[in-house]
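Asker: Input sequences plus hints: build the corresponding full structure.
Residue numbers (my numbering), protein chains in the order written: chain A, 17 to 426; chain B, 134 to 276.
Each hint should be verified, as a subset may be incorrect.
[As the list claims (entries may be wrong)] Distance ranges between label pairs, derived from CB positions: (1) B:Phe206 to A:Asn119: 33 to 41 Å; (2) A:Asn119 to B:Glu215: 48 to 56 Å; (3) A:Glu159 to B:Phe206: 57 to 65 Å; (4) B:Lys136 to A:Arg235: 51 to 59 Å; (5) A:Gln344 to B:Phe206: 54 to 62 Å; (6) A:Lys411 to B:Thr239: 44 to 52 Å; (7) B:Glu174 to A:His79: 41 to 49 Å; (8) A:Asn119 to B:Glu174: 35 to 43 Å; (9) A:Thr250 to B:Tyr196: 57 to 65 Å; (10) B:Glu215 to A:Gly31: 30 to 38 Å; (11) A:Gly93 to B:Glu174: 39 to 47 Å; (12) A:Lys411 to B:Leu248: 51 to 59 Å; (13) A:Gly31 to B:Gln199: 48 to 56 Å.
Since the hints were made in silico from the structure, they are not lab data.
Heads up, the beta-carbon is just placed ideally off N, CA and C, and yes, glycines get one too.
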Amino acid sequence: MTKTYEEINQKIRKGKAVVVTAEEIIDIVKEKGAKRAAQEVDVVTTGTFGPMCSSGALLNTGHTKPKMNYKKAWLNGVSAYCGIAAVDLYLGATAIPDDDPANKVHPGRFSYGGGHVIEDLVAGKDILFEATSYGTDCYPRREISTLINIKDLNSATLLNPRNAYQNYNVAINANSKKPIYTYMGILRPNMNNANYCSAGQLSPLLNDPHYRTIGIGTRIFLGGGVGYVVYYGTQHDPEVKRTDNGVPTGGAGTIALMGDMKKMNPAFLRGASMTGYGASIAVGIGIPIPILDEEMVRATAISDADILAPVVDYSEDYPEFKGKPLAQVSYAQLRSGKISVKGKEIRTAALSSLPKAREIAQKLKKWIQQGKFLITRPVETLPDVGSGVTMNPLKERPVKKPALKRHFRL
Amino acid sequence: MVKKSVLLHFGASLVDKPIITGLIRDYDVSVNILHARVTPEEAGTMFVHIEGVKDKVSKALDYLNQIGVRLVFPRKNLIWQEAKCTHCGSCVGQCFPDALLIDNKTGLVHFKHELCVACGLCIPACPFGALESVDQHVATSQK
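Answerer: Have a look at this one:
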């Protein structure tokens with residue numbers, strides 16, 4: 017038996033859709049079997065909440081009087097990108113203030129960066145906006161310093177080039193005698209701890225491994241508001257090795273997302289400080305998966321025990337772009353608090369919040385049950401295995417005089 | 134006899150009042166000031182041990198609450214601000230005495246303060262600044 021997107025939406029509109037979370041579906045399929053579950057359940061909701069560096073805000077401040085074409089700009093001291101039109105700006109989540117000491121005193125704290133500005137904007141706080149320009153005939157003004165508030169901006173759009181990684185590395189420090197400070201958190205020497213970052217059985221793309229329903233145009237929960245999948249994310253790599261159930265055994269698919277920040281909630285967009293690494297933002301994402309047929313319900317019934325992640329050394333292998341994973345472990349093992357690598361028992365910790373992921377899946381479930389949120393058929397599906405889209409390293413073609421030296425005439 | 138470790142925050146309106154004097158005179162408790170920073174007309178923070186008969190100590194704390202002093206109870210030298218916590222569990226991997234733990238059922242982080250050795254390893258591991266030492270807390274709350 018199959019269902020169409022329109023049939024499911026009809027049920028949602030009437031308030032009669034059966035919606036469960038990606039955790040709840042596991043037992044339903046176990047008890048009733050895939051056939052009956054596919055008949056009874058219409059939508060499965062997923063959720064994830066973790067640091068996602070490839071995120072940012074696209075802002076339009078409205079024109080100044082006299083008019084100005086921003087060339088350099090700062091929000092609460094954090095610089096934003098101005099290489100676009102006059103009063104458009106892009107504030108990246110990992111941007112830090114020009115005077116931040118960064119890692120000069122190692123490990124740096126990175127207590128306030130782009131992610132924190134985004135959280136403050138969404139919380140409705142006033143933000144100090146400063147900009148400079150060289151001035152033109154049509155845009156004569158050269159500087160501005162003012163308070164701004166999200167409610168007065170023409171638009172504030174979250175625009176995240178790469179979010180919701182389909183699976184990810186488990187990071188350990190296998191070779192350094194000192195703690196190392198990474199985007200995967202603090203890794204103690206002698207493989208004393210292992211950090212992972214995925215919602216596992218609740219994670220959106222792990223519940224739709226071959227991107228059948230999550231594609232360009234899919235309406236989603238984003239940062240507490242509504243957003244959309246706008247494209248496949250940067251570094252999208254469907255070619256990563258998969259298990260028999262189609263689930264990738266390492267970081268694979270990614271999605272690019274957009275949504276109206278004015279309707280978001282700071283509880284689901286939190287500025288993050290990764291000690292010794294930099295600033296970032298934790299983003300809350302929830303994606304509904306329509307149960308079109310038995311194949312879809314089987315995919316969503318995936319559990320932590322069936323999802324494998326590679327254990328990667330971040331002291332040498334990752335930075336030097338060499339070596340192989342030291343082990344494969346399941347999310348069930350990671351969630352138990354301990355994994356075993358090379359005969360050593362290692363304590364595990366997540367950077368991605370399970371309670372928040374659950375909260376998001378439940379919220380999205382409620383929206384759909386109440387008929388407030390309809391599902392979408394993708395305008396175009398994401399590139400899958402065999403599409404030619406994959407992730408390659410940079411092939412360097414060195415030049416005698418490095419570009420940097422030429423630029424500064426050194 | 135009981136002893137309570139309390140961090141007191143006074144707003145600007147309370148800075149010129151003899152609060153500690155009132156505490157000692159009217160509630161018959163001993164107050165050991167471990168750290169204090171009080172700026173006239175601005176605000177004050179004080180880390181104290183209040184010791185005395187159980188009933189009197191609780192009355193003393195009620196009095197502080199009533200007059201508008203904000204009370205924070207740090208555990209050992211660590212403050213876990215649950216409101217800032219996303220329950221990701223980054224801290225848990227750093228906590229070798231297992232004072233910070235994840236409840237397997239709910240996935241929520243729990244802090245068993247009696248197991249904390251105040252090593253501070255968890256503090257820089259929290260991306261959301263939810264863990265602070267008392268010193269850090271005093272310094273940042275002055276801003």
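Asker: For this structure, which hints from the list above don't hold up?
Answerer: Those not satisfied are hints 2, 3, 5, 11.
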